[in-house]
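J.: For the sequence shown, numbering that gives the first Met the number 0 assigns the number 0 to the initial residue and increments by one for each residue that follows.
Each hint should be verified, as a subset may be incorrect.
[As the list claims (entries may be wrong)] Simulated restraints, written as ranges between beta carbons of each label pair: (1) 664 x 844: 16 to 26 Å; (2) 180 x 377: 28 to 38 Å; (3) 372 x 339: 36 to 46 Å; (4) 23 x 100: 28 to 38 Å; (5) 318 x 99: 47 to 57 Å; (6) 841 x 862: 39 to 49 Å.
[To be verified] Straight-line Cα separation of at most 25 Å, DSS-like style, residue types lysine-lysine; simulated pairs: (7) 801 x 814; (8) 1001 x 924; (9) 388 x 399; (10) 940 x 990; (11) 675 x 839; (12) 937 x 864; (13) 933 x 839; (14) 933 x 892; (15) 219 x 231; (16) 379 x 368; (17) 231 x 121; (18) 937 x 926; (19) 125 x 231; (20) 990 x 924; (21) 134 x 121; (22) 914 x 598; (23) 121 x 230; (24) 914 x 924; (25) 335 x 31; (26) 219 x 230; (27) 230 x 134; (28) 371 x 391; (29) 892 x 881; (30) 837 x 371; (31) 914 x 974; (32) 675 x 826; (33) 881 x 937; (34) 837 x 675; (35) 219 x 134; (36) 31 x 129; (37) 847 x 826; (38) 31 x 125.
Read the hints as simulated data drawn from the structure, not as lab findings. All of these numbers come straight from a predicted model, not from anything done at the bench. No residue lacks a Cβ here, since even glycine has one placed at the ideal position from N, Cα and C.
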Amino acid sequence: MPGAEFIRVTARVRPSASSRAQERITNVLDDKNLCFDPRNPRNFTFDAVFSETVTQEQVFERVAGRIIDGCVNGFNGTIFAYGQTGSGKTHTMLGPSQIENFLLSPEHRGLIPRACDALFTKLCTKAAEKGDNFKYEVVCRFVELYNEEFYDLLSNSQQKLSIRSDSNVVQLLGVTEHSVQSGVDLMRILEVGWDARRTAETAMNRESSRSHAIFIIDVKTEELVNTIVNKKCATLNLVDLAGSERQSHAKTVGERFKEAININLSLSVLGRVIRTLSAVHRRDEFVPYRDSKLTHILRDSLGGNSKTAVIVNLHPDIEYYSDTLSALQFAAACRKIENRVHANEDLSGDTVMAYKSEISRLRAELDTKEEKVRSEMAVKVASLEDELKLWKDAAISREKQLVEAQLQRDLFAARLTSQSSGEGDVKSQDEIMSEIASQLLAKIDSAKTFQELSRVQLENDLSSVQRELDQMRLQYESAEAARKALSEKYSSALEGYDTAVSPLRRLNLNTSRRVGSACKTPAQLKKERRMTMFTPPRNQPNRKSRAFKPVLFDDSDEDEMPEQPNMEQDPDMVEERELLRLEMENNRLTQLVSEKEAKINETYEAQKIQAQQWVEERMQFLETESSLKFEIERLESEKSQMAENLEQAHQRIDMLSSKISTFNDERCCLQQEIDKMRAEKFDLEDMLQGVQNEQEHLLTELRSMRDAESSKADLEARLSEEQVRRNSLNDLLEVKTKEANEATALLQQTGQAYRAVVLENDELKRTLELERERNSKRENDLIEEFSEVKRRIAEDLQKAEKMFEEERHAHEETKRSYNQVQERNAKMEREFADEVNKLKRRHVDELKNSERLVELERSAHEHTKQQFSTYRDSMQQSMGQKLAELQESFVSKERRLTTDMSDKDQQIIQLQGEKELLCSRLSEKEKLLELSNKNLEKSEKELEVLRAAKAEGDRAIKELAGHHNQKQKISYLEKVRLENYNLKNQYAQLKNQYAQLEAELKNYQNMSGKRTRGSHESLPGPSTRSRSARGNPS
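Work out the full structure: start from the sequences and follow the hints.
T.: Quick look at the structure:
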């Protein structure tokens, strides 16, 4: 769906030409605000404002970066600079032309050269990321609008270009297009076109542009996403407008003045279009795009489908107050224009089918994801249930161990109560109780620590499971969003497809009608036209011949008729017979001419049909030949495609082999790391062995000290027993610490038991105190005797205990460090083993996959190669047979055609001879007609004589009026009248026949001329036909 986007407007202030700061009328407040006329301040806000210290690179990044990105993604883009003459438009768009090689300078070059480099950089980056799935094509044009006429800057001819537009696009007809492969090619074309642009010197600018220059870049991309071929196209318009100028400032005359008028006219239309588009309540108000060719070509950039950026260049000096204010108002109006921007994508039927297949694939993938998530969650739940069961079993075992610990506590209490009295015994009992209490406290602390660790581990496991669930939920949501986006895109593609199909159907219908009418022969069309006309029959009898012929004589009175004169000697009868003979001869000749014409027509039609058949056979042969060529080209293309596939397979094999080699290198590196870690492990084991040796040495010294003090045998025995008990308690503590994960309640019970033990201990102490008080009297005597011995023994005992405590602490520290080192080593070994196993499994899987892929590629290649060889052999065999048959048929048809052509040529020669004979006969007949005309004139003269004779006959009739035989008088009178009537009819018939003969002669001459011309045009001679028949087959 198209998105609304406003035109982005930036303002750039050029350096002042005056050194006095009080004459400046523009002040840049920040990067988006500008103050005009400090005396009467007016603030203008734009998308960006550049002062005179801003570099060309900063201008390009703020203005053109997003538009270049949009062009790569299929969005149209337009950038144009607006301002008065000398405000720095060309400097912004192209660069400072007074510097040599400014187009190549990374510091001074303008927006257009940077856009060319950035466009190809982004296209090449995307092509490198996508690989063979992304292709692009760039075509550029460069035109200028000079005096309201477009000219091609990349063509040597100065021919004017015409502009044509429809509802979708505006096109320039006749402009040259150049395909480019890099930014360097674009720069070269830009430099050539810019050198051809019209510039001139005015009072305001030493090198003023006298035309509007438009550099048009068309970008077409084609990206393969899964099975969808996404085709996009975009047009980038980079426009450098000529500056508006006042005659009072520019002081132009002559041709420059005319140029200034056209420049100001186009810019005024541009301003009017901008004001119309920026009106708040314009609704359906007419936008005068066609009032100027500049606004006509930029129709999509202003309120249409384009991302547009306008750079308004400003002059800061006070002498250009009105021009600067006008430019600022123009920029403010541009900011209110809203374009409807959308990507130019190809939504053809193939793309719609690809979208359908992609949606089905995503649905299938979503179903598999859901099934996979369900199975994984089921496995997780089952593992958690198993773990919970293990925790319950561990809690039961902890309860058992706690019961055993309580029993041992009772046993220790019984032993303490059963021991004999004495201060040494009391001290040993106190020490035993304190040791038991410390062991129980350590046991409780270890249990709490293990419980905390277990809780932390469970929380970590729960958080990891939660993260996995969140990740799966996100994947599901992203897949669902992708499915919805594809569904929306598919529906929009269907709508575009429907809208595109209806005009196509109409076009097909019109095309079928035109093809149907074009397939009709001229004879059929002529026949259809004749069906609406009326043509009377040619040989229509004369209406006068249908007249009533009266009966001349009655058979009943035949004997009463007088004797008739000799009819053969009658000149009228002779003339009548002659005319009748001429008429019969003329009819015979007319019939002969019609028969010859019919024969000629039949011969012409037969030859025409034969020629049409030969042409049809020739066209069929050409079609067969073209189909064979197309089949051969298709086979060649399939062969090249298979070769490319083979090359790709080889490349993949090389790539897999390189991957295998890299995997082997990584394996070697890992093996080296393993060896290093093993060496470190051996060093740690050596250190541990040294610690153990020192511990054994200390134990041996301790044993020697214990052996030296024989007087302390009981104490050493007790200490050894306590050591054994301590070891047993330590072992029991270790066993308990391994399985105390969920023993919070049990630990509380243990704490209560411990408090109970402490209370019992206090009670025992009180009883001991009582016993001590009772025995104090008895001990006073002994104390005095053994005080010195006790003191020495106490001192030795304290020393031994201190040494023992130190040794015990050192042993515990060593043991803890050893356990930590061992745990760390075990953990490292486990992690290392896991990593090694993972790497091995991954390498084995990748090797298996690569081997399987290579095997599949090899088998597919062999299968394809075998299919191609069999198909090639079969096609070569079939094509050879078809070619042999076609050659034989063509040779036979050529022979038959040559014989037929020779026969037809002979027939034509014969017909031409007959035609000449007929023409000679016609000439004779014409002579006869001339003679008949003379005879007619003679007969007219004789008719006059006959009329005179008739008058005499009438007089004789009058004289005979008084004849006695009335019936004979009437018969003679009727006879005379009948002869007169017959003579008149014969005369009229001769005239009609003469007129018909002349008309038929003219028609015959016209038809014979047309046939001779048609035969010369349509039927080549025998030699040419034979040459064409021999030269055409290949």
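J.: Check the structure against each numbered hint from earlier and tell me which ones fail, lowest number first.
T.: Numbers 2, 5, 6, 12, 13, 14, 28, 31, 33, 36, 37, 38, in rising order.
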